[in-house]
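Undergrad: As a plain string of letters, each chain reads:
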Amino acid sequence: MTYNPGPDVIEVIRVPARNPIAGAYRTFGETLRGLKTTFARVVEGPVTIQYPEEKTPVYPRFRGRHKLHRFEDTGLEKCVGCSLCAAACPADCIRVVAAENTPDNRVSAGERYAAVYEINLSRCIFCGYCEIACPFDAITMGHDYEMSDYTRSDLIFTKEMLLAEAIERTPLRAEGE
Amino acid sequence: MTGFGVVFYFEPWWVQIVKSLVIFVVVFAILPVLIVYERKLLGRMQSRIGPNRVGPFGFAQPLAEIVKFAVKEPFRTTTSVGVLYRVAPAIAILTAIGGLALVPFGDVQHVFGQRVGLYGIDVSVGPLYVFALAGISFYGIMLGGWASGSKYSFLGAMRGAAQLISYEVSQGLSLVGVVITAGTLSLTQIVHAQEGLWYFIPQFAGFIIFTVAAFAETNRAPFDLVEADAELVGGYFTEYGGTPFVSYLFAEYANMIVVSGIAVTMFFGGWLLPFGLHPPGWVDPIVVLVKIFIFFSFFVWVRATLPRLRYDQLMSLGWKILLPLATLNLLVTAVLVAT
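Sequences listed follow chains S and R, in order. Note that my numbering gives residue 113 to position 113 of the first sequence, counting from 1, and the numbers run on in steps of one. One rule links them: number in my numbering = place in the second sequence (from 1) + 1000.
Simulated from the structure, these hints should not be mistaken for lab results. Ideal Cβ positions, reconstructed from N, Cα and C, are used throughout, including at glycine. All clues given are correct.
Derived pair list, reagent style DSSO-like, types lysine-lysine, alpha-carbon separation capped at 30 Å:
| hint | chain 1 | residue 1 | chain 2 | residue 2 |
| --- | --- | --- | --- | --- |
| 1 | S | Lys36 | R | Lys1320 |
| 2 | S | Lys67 | S | Lys78 |
| 3 | S | Lys159 | S | Lys55 |
| 4 | S | Lys36 | R | Lys1040 |
| 5 | S | Lys67 | S | Lys159 |
| 6 | S | Lys55 | R | Lys1040 |
| 7 | R | Lys1151 | R | Lys1068 |
| 8 | S | Lys67 | S | Lys55 |
In silico contact screen, one side only, chain S against chain R (beta carbon under 8 Å); selected entries:
| hint | residue |
| --- | --- |
| 9 | Thr31 |
| 10 | Gly34 |
| 11 | Leu35 |
| 12 | Thr38 |
| 13 | Arg41 |
| 14 | Val42 |
| 15 | Glu44 |
| 16 | Pro46 |
| 17 | Val47 |
| 18 | Thr48 |
My request is simple: use the sequences and hints to build the entire structure.
TA: See the structure below:
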């Protein structure tokens, strides 16, 4: 069915008649209007955020660099080496090698722990599926997004790097900001 | 009393040399600052900050860029035409500097017992000298564009030739109204004739025409078809790099200073101040420089505002609107002065 608007809906905007005097007047007026617009920008001041010095605060659910977590009371790692994050990862950038916990070498709370936990951040697409897949909330997405480096191998983050307390380089957006 | 008409060479030769050196050095010290100022003001008008990394508030930016340009490798296209390719930028900047000599920065002052006119020269042909130099500066653009042996340069140069010739006529005619009203061609005499009423009020139409034509003559937006970086890469200086490029750049800005200076002299009372203020003589150059600065800011303001004209629009504006208006303005002024 075609849209058939009534005569009260249709608004016809006609091109102004070709009149040199009116045209010159219009041109002059529009030029002044344009000049007013640009001058208003000077009065407003710049909107620039000077990036390395100032940063836009990120939202709480911003998906930045991953973090691995420990239990706060016991200090044991939350990760049990189940490799569900690696299975969920669409970019295939997580590598987990699990090992058994022993009584004299207890690393995690479960039966097993991740002996190797590596994330290749040069391949990661920051989709956050690993965070969703994890049954123990051992891996979460942090707020850090400044990860450029000089070599690709430096972007493979090991378990120690992911477990370490992240340097807070990125401001978090306050409630309602 | 030498040369053409009445020229008052009352100064000894060394005063004239010192004077020209001072004008040259001061203006060329101001030019880089103006370039940074333009970029910063353009930024503000686009809600940006503009250059602010080098030096305080970014004002050392031109120093860094001059070093960058100076150490660049000199190159030329294989199709470029011998010596013309090298001479063209020099013509552009020489004519721009030559125009500076005419801008009056102040009246005749007594400095250490010498009578010194605060201007380069006070020729009795005034504006004609400027147009003569502007006529030569076309060669800087045309030769530069043609001798580069590049089609973009050539297109820019051809556009420049057509544009400059079209608008020079209107610009000249708009100044004739002022000349008729003042009854003299000497720029200092014209400034003196404006005591009481600056000419941009009685000659408002002439002022508007002059301003529009000045934008076209200096190849500034919205008439920068000569450069037209979206279509022609860079226009007539596409194939120039390093110091020849800088000389084209400086020539453009020096031309803007000259045109602003002429506008200030012809329409805004040169070194005169409104409200009956009569400061001591050493303030005159500052007054003129401030007025030039305001006019320059207007150039930048318009550049930030208006889009570039299409080529046929440029031509019809020049020949169908500005030229009849300028002629009408001239005729009306002539009739009014005669009666």
